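Novice: Protein chains in written order, with our numbering: chain R, 1 to 161; chain L, 1001 to 1304.
Hints listed in this document are in silico derivations from the structure and should not be mistaken for laboratory results. Some hints here could point you the wrong way.
Derived DSSO-like pairs: lysine-lysine, alpha-carbon spacing no greater than 27 Å straight-line [stated by the list, open to error]:
| # | chain 1 | residue 1 | chain 2 | residue 2 |
| --- | --- | --- | --- | --- |
| 1 | R | K4 | L | K1201 |
| 2 | R | K102 | R | K38 |
| 3 | R | K38 | L | K1145 |
Example chain L residues on the side facing chain R (calculated, C-beta under 10 Å, incomplete) [what the hints assert, rightly or not]:
| # | residue |
| --- | --- |
| 4 | L1152 |
| 5 | R1187 |
| 6 | D1188 |
| 7 | F1189 |
| 8 | M1191 |
| 9 | F1198 |
| 10 | T1233 |
| 11 | Q1235 |
| 12 | D1270 |
From a predicted model like this one, the values you see are computed outputs, not experimental measurements. Glycine is no exception: its CB is placed at the ideal position from the N, C-alpha and C atoms.
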Amino acid sequence: MRFKRRYFCCELQYRDSDCVQNKLNKLKHSDISSTINKSIEKFYGDLGAAEMIPSFSVIYFNQNTNICILRTARNLEKKFHTMLTFIQKIENIDVQFKVVHKSGSIKKCKEFLIEYCSNRLLEFYQKTSSRHQKLDNDDQIIVNVLTNLIEACDKNDYSFN
Amino acid sequence: MTTFCDLNLNVTNLTEKLIDQLVESTIKLGYNEVALSVDFEFPAAGSKTNEQKKKENRQLVLVPPPKNYKIQQKLANRLDLFCRKIKVYSRINIKIKPNDINTYLHHLKSKEVMAYDIIALEPVDSQVLLYLCNNNFNADLISIKSGIECGLTDKHLIRPLNNAVNSMSLHFELCYSASISSSTERRDFIMAGRCLTFNTKSKGLIISSGASNSNNLRGPYELLNIVKLFDITEQESHQIIRRNNHQVLTNSFCRKHTAAGMVYLNEPNDLNKLTNALLMYRERLDREKTEEKIIESPKKKIKN
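Same shape as in the complex, but just chain L (with noise of 0.2 Å):
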């Protein structure tokens, strides 16, 4: 059985107890995992002549930490009782302009950053968006808020979207609190959702809500039905609400914890875990060998 998961709470200016809310709220509906996100924004660049730079001090781009959220004990008291198993995760949203591109995009691998359990990057241009899929900046996910103005009415954008998708491991995100209220949000949230179901074959989309208030957010089988309206077969949608959300979250995982993706150590005793499996391998390989060459083959007891 698969769980659902939420990836995109928005808790920006936010007190303890509304974020108690929230979290109650959607662990009622349904969903077992959640990341709570927080919105940045890198600091426009205003003209200035050289000498007033050399004087001023560089503005110091901050970036806040990310905070440990543990749920209420009355509420985890709750969740024990039905042995449901909840885990709360921390996520950025950075928005990034055209032109932040030569000046701050340095800061996307500095340790601050790193912290983050998910990192999501938010163009606001057309320009931008092919600007990111076609370059490594260590991210993943791409949330887009417009469609329209990010350039996704075009049906010809398969190449650079399938690059994103397969080569830079990178998914695209849609987010549907905005849509429930306004008849354009609406449009654009189907507009932009087909297209990038046919350029990307449903592989690489997810959905989550950009709620920061109880009232916006829907369980995850009303999602369903929503995600049907891209033309596209029960099958995929199934895929889309249910694994492409797992997949981002151990793409995330591989990207903070391991460094090549490839082993990931929980304790100090497991290197000698690792070295004692390996050495009883090899032991198996070398007696099923010699055990080869004591049975003869039928071919040469039928030769002599």
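Chain R extracted, bound-state conformation (with noise of 0.2 Å):
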């Protein structure tokens, strides 16, 4: 019998700017596994370690742009998406779950996390663009940057170099 898995496409939110812009305070893939392990014990006692840790796993983590993709089994998947709004904190640093999407492969998550990063990119875009500031040379690279990007992203041309 094929075993059966859902894939959860979450975003961490923190509440405090400043941490995110402390560069130390930067999260690992290990940082996330070890708290998610630890609250299952809490809320679910040993019958739920004993059935979601071996079919827990982290699969993909950006820290730039706090994005990650968790797997379980799909039997268990209310009883995990319930757990993870419980989830307050990270290492002392106060953190927020957001789940974006959720899917039964990782297809399907990466292609709707490429349509979700663009429409980000859009916005902060339209946030630069509405400033009618002069811009510096720096920042006038990475409106180019930008404008390209939208615009491959426009046409689902998505070979860009």
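Dock the two chains into a complex; use the hints.
Specialist: Now the structure itself:
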């Protein structure tokens, strides 16, 4: 029998913006898995830990965009989702897990994340272009790169350099 | 009505009084068949040069002989009143480390080891587990103490474990007495049980107590409730506790007393009885053939 899984796309939202700017406090792959294991033990006890820990793993985590992909078994989907809402801290940093997408395969998660990230870039570009100040050379370069990216995303051309 | 069995009562380094207490408490809880087990480990091989090995005599692997245990007279008289038949088997638990694979495993075919009723192997590593599942060592059980060390968290071990159950007639065993006291052992027990039931469809699983103390024993109907935590139906949980134990006992009987598992003779007169029965069966077959010839078939009548 095939072992069926569920993939959660989550975004980490920090409550204190100071922590994000402080580059020493960047989180790692292993921090997320250890906090989730501890919260499983806390909420569901021995039985839940025996069920959920072997089937749980962190597949992808990006420190810069704070997006992660988590994996569990299909029959433990709802328990895992409810447990994610109760997580408050990762290593003394206040954090919120925002579940953005759920699917049964990684392929659909990847397609969704590409669209999601391109929408966020659009918002960022609109924020920068709404300011009527003169832009420095560095900022002008960033804006040029972003316009290129957004044009490519509109055409669904994902093979940009 | 099937009877309940407890196939692992650890009896190493216990006096006779304590053994009697243990057996009495298991019988009170409702078990009818009991196996008294002894732990055994191969000696560690030290690194020596060839000259040193030739000078010193080789270490003899001493396997202790099985004890013939008899139930106390008072207990036996009480049980006769209620017509309860109780059987006691002998069992050996052999611990196998990765270094023992090339050196000591030929001792498993020796007479001293074959004198025991049930032979159980304990792997320490996942490497050893896979090796035991794929090769035939004349054993009955593979007992697993720590599921994490043996690599039983992954659910993709379907082929080697199924191979062991179907072709090698091996069964897997889990002990529940350690999980009563500590929470990490409880987690380990449930994890290993879920993995094994998923991979072998609850055909090759047995649950027994590895208890040397009567405080750690539990009744058979309580084990039923524990086994339901492995994410299986009620029918399968009943099968694990009632039927799989008896399958292990019949397999061990075939291994010990019969040559190829075909015929077992209790007394020397049984051979004559067998020949008489076969002759009678043959006469009956011949009679039926001749009776068919006398009765003409209806098709021939119509033709004529």
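Novice: A separate judgement is required for each hint: does it hold in the structure or not?
Specialist: A quick look at each hint next to the structure:
| no. | hint | result |
| --- | --- | --- |
| 1 | R/K4 <-> L/K1201 | 17 Å, holds |
| 2 | R/K102 <-> R/K38 | 23 Å, holds |
| 3 | R/K38 <-> L/K1145 | 24 Å, holds |
| 4 | L1152 | 9 Å, holds |
| 5 | R1187 | 5 Å, holds |
| 6 | D1188 | 8 Å, holds |
| 7 | F1189 | 8 Å, holds |
| 8 | M1191 | 5 Å, holds |
| 9 | F1198 | 8 Å, holds |
| 10 | T1233 | 14 Å, violated |
| 11 | Q1235 | 18 Å, violated |
| 12 | D1270 | 47 Å, violated |
Checked against the numbered hints given earlier, this structure breaks hints 10, 11 and 12; the rest are met.
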